[in-house]
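Visitor: Take a look at the letters that make up each chain.
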Amino acid sequence: MQIQGLIDTAVAEVGQVLLGKEAQIRLALCCLFARGHLLIEDLPGMGKTTLSHALADVLGLSYKRVQFTSDLLPADILGVSIYNRSDATFTFHPGPIFTQLLLADEINRTTPRTQSALLEAMAEGQVTVEGETRTLPDPFFVIATQNPIHQSGTYPLPESQLDRFLMRLDLGYPHPKAEREMFERQGLPGTETRRLEQRIREDQLAQIREAVAGVHASDSLLDYLQRLVAYTREAPEFAVGLSPRGALALLDCARTWAVMHNRGHVVPEDLQMVLPAVVAHRLVPSGDFAGDGMALVMQMQRRVDVIRS
Amino acid sequence: MKEIEQVPRSALIWILLGMAALLAPHAGRLPVWVLAVYGACAFWRLQIFRGRWRYPGRLVKFGLIGLACTGIWFSYGSLLGLEPTVALLLTAYAMKLLELARRQDAYVLLFLGYFICITEFLFTQDLLIVLYSLITVWLVTTALVALHQGQQRFGTTSLRQAGVMLAQAFPLMLVLFFLFPRIGPLWTVPVKSHAARTGVSDFMRPGDISNLSKSDEVAFRVSFEGDIPARSSLYWRGLVMSRLQEGAWSSLGYYEVPPAERRAPEVATAGDAIDYSVLMMPTQQRWLYSLRYAESSQGGVMEAPDFRLFRPVEIEEQYRYEVRSWPATTLQPALSEWRRETELRLPEGDNPRTVALARSLREAAASDEAFVDTVLARFTNEPYVYTLQPPLLGENPTDGFLFDTRRGFCEHYAAAFVTLMRAGGVPARVVAGYQGGEVNPVNRTVIVHQFDAHAWAEVWLEGEGWRRVDPTAAVSPLRVEQGLEQALAGEGSFLADSPLSPLRYRGINWINSMRLQYDALTYRWQSWVVGFNSENQFSILQEYLGELNGRKFVTILLGSWVLVLVPVGFWLLRRRSPAALDAISREYLAFCQRLARLGVERAPGEPPGAFAERAVVALPQSASAVREVTALYERARYAGGDSTPADTLRSMRRAARGVGRQNRLG
Numbered sequence: 001m002q003i004q005g006l007i008d009t010a011v012a013e014v015g016q017v018l019l020g021k022e023a024q025i026r027l028a029l030c031c032l033f034a035r036g037h038l039l040i041e042d043l044p045g046m047g048k049t050t051l052s053h054a055l056a057d058v059l060g061l062s063y064k065r066v067q068f069t070s071d072l073l074p075a076d077i078l079g080v081s082i083y084n085r086s087d088a089t090f091t092f093h094p095g096p097i098f099t100q101l102l103l104a105d106e107i108n109r110t111t112p113r114t115q116s117a118l119l120e121a122m123a124e125g126q127v128t129v130e131g132e133t134r135t136l137p138d139p140f141f142v143i144a145t146q147n148p149i150h151q152s153g154t155y156p157l158p159e160s161q162l163d164r165f166l167m168r169l170d171l172g173y174p175h176p177k178a179e180r181e182m183f184e185r186q187g188l189p190g191t192e193t194r195r196l197e198q199r200i201r202e203d204q205l206a207q208i209r210e211a212v213a214g215v216h217a218s219d220s221l222l223d224y225l226q227r228l229v230a231y232t233r234e235a236p237e238f239a240v241g242l243s244p245r246g247a248l249a250l251l252d253c254a255r256t257w258a259v260m261h262n263r264g265h266v267v268p269e270d271l272q273m274v275l276p277a278v279v280a281h282r283l284v285p286s287g288d289f290a291g292d293g294m295a296l297v298m299q300m301q302r303r304v305d306v307i308r309s
Numbered sequence: 001m002k003e004i005e006q007v008p009r010s011a012l013i014w015i016l017l018g019m020a021a022l023l024a025p026h027a028g029r030l031p032v033w034v035l036a037v038y039g040a041c042a043f044w045r046l047q048i049f050r051g052r053w054r055y056p057g058r059l060v061k062f063g064l065i066g067l068a069c070t071g072i073w074f075s076y077g078s079l080l081g082l083e084p085t086v087a088l089l090l091t092a093y094a095m096k097l098l099e100l101a102r103r104q105d106a107y108v109l110l111f112l113g114y115f116i117c118i119t120e121f122l123f124t125q126d127l128l129i130v131l132y133s134l135i136t137v138w139l140v141t142t143a144l145v146a147l148h149q150g151q152q153r154f155g156t157t158s159l160r161q162a163g164v165m166l167a168q169a170f171p172l173m174l175v176l177f178f179l180f181p182r183i184g185p186l187w188t189v190p191v192k193s194h195a196a197r198t199g200v201s202d203f204m205r206p207g208d209i210s211n212l213s214k215s216d217e218v219a220f221r222v223s224f225e226g227d228i229p230a231r232s233s234l235y236w237r238g239l240v241m242s243r244l245q246e247g248a249w250s251s252l253g254y255y256e257v258p259p260a261e262r263r264a265p266e267v268a269t270a271g272d273a274i275d276y277s278v279l280m281m282p283t284q285q286r287w288l289y290s291l292r293y294a295e296s297s298q299g300g301v302m303e304a305p306d307f308r309l310f311r312p313v314e315i316e317e318q319y320r321y322e323v324r325s326w327p328a329t330t331l332q333p334a335l336s337e338w339r340r341e342t343e344l345r346l347p348e349g350d351n352p353r354t355v356a357l358a359r360s361l362r363e364a365a366a367s368d369e370a371f372v373d374t375v376l377a378r379f380t381n382e383p384y385v386y387t388l389q390p391p392l393l394g395e396n397p398t399d400g401f402l403f404d405t406r407r408g409f410c411e412h413y414a415a416a417f418v419t420l421m422r423a424g425g426v427p428a429r430v431v432a433g434y435q436g437g438e439v440n441p442v443n444r445t446v447i448v449h450q451f452d453a454h455a456w457a458e459v460w461l462e463g464e465g466w467r468r469v470d471p472t473a474a475v476s477p478l479r480v481e482q483g484l485e486q487a488l489a490g491e492g493s494f495l496a497d498s499p500l501s502p503l504r505y506r507g508i509n510w511i512n513s514m515r516l517q518y519d520a521l522t523y524r525w526q527s528w529v530v531g532f533n534s535e536n537q538f539s540i541l542q543e544y545l546g547e548l549n550g551r552k553f554v555t556i557l558l559g560s561w562v563l564v565l566v567p568v569g570f571w572l573l574r575r576r577s578p579a580a581l582d583a584i585s586r587e588y589l590a591f592c593q594r595l596a597r598l599g600v601e602r603a604p605g606e607p608p609g610a611f612a613e614r615a616v617v618a619l620p621q622s623a624s625a626v627r628e629v630t631a632l633y634e635r636a637r638y639a640g641g642d643s644t645p646a647d648t649l650r651s652m653r654r655a656a657r658g659v660g661r662q663n664r665l666g
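In order, the protein sequence lines correspond to chains A and B.
Count the first sequence with UniProt numbering and you get residues 1 to 309, in order.
Count the second sequence with UniProt numbering and you get residues 1 to 666, in order.
Next comes chain A alone, as it looks inside the complex:
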C-alpha cells in the first residue's frame, strides 16, 4: 500500500507542472525504477524538458542537461583531463554525464560518434576516459529526447541503439482541458520558477527496486508473454520481431508496474500497460501494414488472447 501511495504523490507532484500526462509520468517512473533509460520522441515544445526536470526534483536526483548539436564531441559529455601546471599532473574534469539524471536533448541531432559514447555509458553504467574507468553515480538515469525522424537535419538512431532504451514515450498534445488550465495559470506569480518537492527518497527508491526482484511471474503470465513475443515473430505485419532483450525488458517493466500497484505478482494488465512504450520502438512494421508502430502494438494486443492460446 505504501509504495502505491508514494508513487501517487510523486505523480501528483510532477502533474503540477506537466498537466494531464499522468500515464506518461507513471511510465517514466516505471522506466526509472526498472533501471532503464527513457527516450521521448516528440515535437519541440511538448514538455519533454519539463518532464525530465520534474522527475529529477521529485526523486531528489542531481540533474544535468546536455543540448546535443552536430558539433558536440564525446569529450564534451564524458569529461576531459587537463594538464595542471602547478603540480604538473593531469586532472580529470568530469563531463556532464557524471550526474544522476541526465537529459540528453535532441540526441538525434548529433553525430553517431557522440551518440554511441553516450549509449555506451548508458549500457555499462561507467565511462572510460584515457584508459581509466570511472563509475557513474547510482541511480543513473538518462532521458533522451529526439525529434521525429522526418524532421530535417537529424542523424536517426539505428534500431540497434533504439533497443538500448527501455521505453520510448511520446507525450502528445495535451488534453484541451489540461491545456486550458495551463493557459489560465500562465503569468500567475511563482509558477515559473517553482521547484518541486522531493517525494521519493533514495532509500525508498532502493526499496522499490528491491521489491521488483521479488515479484512473482506465474507460468500463465509467462505463457502470455511468450505468445505475444511469438506473434511479433510470426505475424506477417512485422518485418522484425521482438528480440530476447526486448522480451526481457517487457517482463522487467511489467514486474515494476506490478510493484507500483502494490502487487506481489504480475497480471496481464501490467504487461499490456507497459507494452506500447516498451516494444513500439523495437518493432518494424512490414510494408504490408498501413499503420505505425503504435497501431501495430494495438493490433497485436487484440490478436493475442490473454487466456486462450
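Calculated directly from the structure, the hints in this document are not laboratory data.
Hints may be right or wrong, so weigh each one.
Stated by the list, open to error - Derived CB-CB ranges, DEER-like: (1) B:Ala-603 to A:Thr-135: 43 to 51 Å; (2) A:Met-294 to B:Leu-59: 40 to 48 Å; (3) A:Thr-133 to B:Val-164: 54 to 62 Å; (4) A:Asp-8 to B:Pro-604: 27 to 35 Å; (5) B:Ser-624 to A:Thr-133: 55 to 63 Å; (6) B:Leu-59 to A:Arg-185: 58 to 66 Å; (7) B:Gly-155 to A:Pro-156: 22 to 30 Å.
As the list claims (entries may be wrong) - Over 12 Å on every C-beta distance to chain A, these chain B residues come out as not near it, computed from the model: (8) Trp-33; (9) Lys-61; (10) Gln-151; (11) Pro-181; (12) Glu-535.
These numbers come from a predicted model, not from an experiment.
A virtual CB, placed ideally from N, CA and C, is assigned to each residue, including glycine.
Starting from the known structure of chain A, fit chain B onto it as the hints suggest.
Guide: Using the frame of chain A, we list chain B on its own:
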C-alpha cells in the same frame, strides 16, 4: 476504418488475374469488342487504384449499360439465347470492375465469378475445360482469401491458403457429387445454341454431309461388349429419309405416318447379337444411332417404324444408352400398301433423264436384284468421282449429277441411287448416319467423328426385306473400308480447314498415341462423371444400400457429411489449440460466456482485470460476484495460487452462479 474498407492491392491483382482466367475460355466465342471492354475496365480500375482516375458517375454507368446491350444486339442480333446472354453477363462482369470500390463489391464480383465459371460448361464439358476451371476456381478463391488477408504486398501466401482450403473441401465435393439429389432444373435457359451445332440434320440436301465432313468433333463413342465388328459393317443408322420434296430428302414425322403404321413392326431376330453402349454428345435432336437391327431395353429409348431408335425428348446433354443389335435380321419381309407407296413416291416431272434411264435399265434387268447390281455397276464403271468438293448442281440435281458433273459426295450417290430405284419401281430410301469410326486401342472404344457422317440407301427386295446398299462403296471402296481420310488422300481435302486438328497428324506415332490416350480418358470422364445422372446415382446407391427411400437417403447424405467433416474439424481443432486449457481457465471462460449472454462480452485480448472493471460498470448489481470470480481467477493463475484448484474451482462456480441470479432478480 476507411482503410480497411478498401480493396487491398494484392486482392485487386488476384481479382484481375481471376477475371482474366474466367474470360479466357470464352474468348473465342465472344466478339472482339467484349475483350476490349475487359482490357479497358481493368485499365480504368488500375488507374483508380493509382489515384489517377475516378470511379464513373451514375450517368456514365447508365450509358455504358446501354452501349453494352446495343453492342450485344448488333453482334448477335438478339439479347436472348445462350450466347448473347452469356456475352451480356461477361460484359456486365467486366464493367462491374468500375464499381469495385469497397470490400462488399469485391465479394459480389468474386461470387459472381464462380457463377461465370459454370457458364463455360454450357458450351463444353470437355475434360480439359474441367481441369482449367479448377484453376479458375482456385484463382477466384485466392482473390477471396487475399481480400481477407488484406495485405498490400502481392505474394503467393493467398494462393497457398486457397489451395489448402480447396483441398479440404475436396472430400465434401465428392460426397455432394455422389449423394446430392440431382434436382431437375426449375427453369431452362434456351440452351439451343445460336450457331447451329454440327451434326446430321433431319433433311438432306446435296452438300449437307460434305459440310459435316469438315468437322473433327466427336459425334459419339461406342464400347462393345465383345469383339469390335469390321469397320466396313459399321453403318450407324440415325435417320431414315423416305420423302423427296423440293430437292431435299427428309424423314417422316410421327404424325405423318398413318396410325396403324406408327408402331414398329414385330421382328424375328436372327443370327448373333452384338451388345454395345453408345455415349452420344448432345445434338439437340431426338434420334439415336445404332447398327441395324437394334433394340434397347433402356427406358426412354423408343423404336420407330423404320427400325431406328429415338428419344421422345431432345438430347441436350450427353446421353448414354445400351443397345443390342442383330445384323443378320430380316427387316419387313412384307410391305404394307402405304409403305410401298411411300417408298416409291417421286416428285412428278423432276429429273426426267434419270427417270428415263431408270426405266430402261429396269426393263433390261431380269429382276429387281439385277437392277440394283446394274446401277451399282454403272457407278463403278463410268467415270464417277468421289470428292469433298462437288460442283454446284442446277434445277434437276440428280440429272445434273448423273449425266453432267459426275462428281459427288456420299449424299449425291445415295440420293441418285434411291431416285433411280424408285423410278425403276423398287422401294428404296435414303439412310443418314455415320459409317465406320476409329478404334481406340487404349480402351477399345470406337470413336465416331462428324467427318464419319455418311448417307447410304436401303432397297426393299421381295423375300429379303430391306437390304442395305451403299452406292458410295461402288465408287470409292476405300471410304467404307478405311475411312474418309484414305478415300480423299489424293485430293488433300480431309480436314483442310482445321490445320491444327490432332487427327490430321495421325501419322506421327506419339501424337496419335497421346490423342488416343486422351480420348480414352475423355470417354471415362464422360461416362462416369458428366454422365452421372440421377438414374446412375440411384442405381449405384441401390446396389450398395438396398431399397432407397427419402429418409434413408437423407440419413446417408447427412451421415457421410458428418463422416467427412468430423475428421477435418478434429484436425483443425487440434491444430488450433496445441495445449488444452486448464480447468480454471475453462471455468473462467464459462463465466465470460455467462456475462456475454448478459450483454458484456470480453474483447479479444482483454485481460480479466480490465474486463471485470467494464463488467462492473455495465452490471453494477453483480459487481461483487464479478470481482470475486476475477480475483479468484487472477490469484490462481497469476499469483502463484494459495488455494488448491479444486477449492478455487468450486468458489468460482459458486460466485459465477451469483452473477446470473442477482441479475435476474434485479
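Visitor: Evaluate each hint against the coordinates.
Guide: These are the hints, each one checked on the structure:
One distance hint, 43 to 51 Å for the beta-carbon pair Ala-603 of chain B and Thr-135 of chain A, holds here, with the actual separation near 48 Å. In this structure the supplied range 40 to 48 Å holds for Met-294 of chain A paired with Leu-59 of chain B, their Cβ-Cβ distance being about 44 Å. Evaluation of the 54 to 62 Å hint for Thr-133 of chain A and Val-164 of chain B yields a pass: the beta carbon distance comes to about 59 Å. Evaluation of the 27 to 35 Å hint for Asp-8 of chain A and Pro-604 of chain B yields a pass: the beta carbon distance comes to about 32 Å.
For Ser-624 of chain B and Thr-133 of chain A, the Cβ-Cβ distance of about 59 Å falls inside the hinted range of 55 to 63 Å, so the restraint holds. A hinted range of 58 to 66 Å holds for the C-beta pair Leu-59 of chain B and Arg-185 of chain A, which are about 60 Å apart. About 29 Å separates the C-beta atoms of Gly-155 of chain B and Pro-156 of chain A, a value consistent with the hinted range of 22 to 30 Å. Even its closest Cβ contact with chain A, about 38 Å, leaves Trp-33 of chain B beyond 12 Å, as expected for a residue assigned away from the interface.
Listed as outside the interface, Lys-61 of chain B is consistent with that label: its C-beta sits roughly 30 Å from the nearest C-beta of chain A, beyond the 12 Å cut-off. Residue placement check: Gln-151 of chain B does not keep its beta carbon more than 12 Å from all beta carbons of chain A (closest about 4 Å). Its beta-carbon lying about 41 Å from the closest one in chain A, Pro-181 of chain B satisfies the requirement of being farther than 12 Å from that chain. Residue placement check: Glu-535 of chain B keeps its beta carbon more than 12 Å from all beta carbons of chain A (closest about 51 Å).
Consistency with the previously given hints fails for number 10 only.
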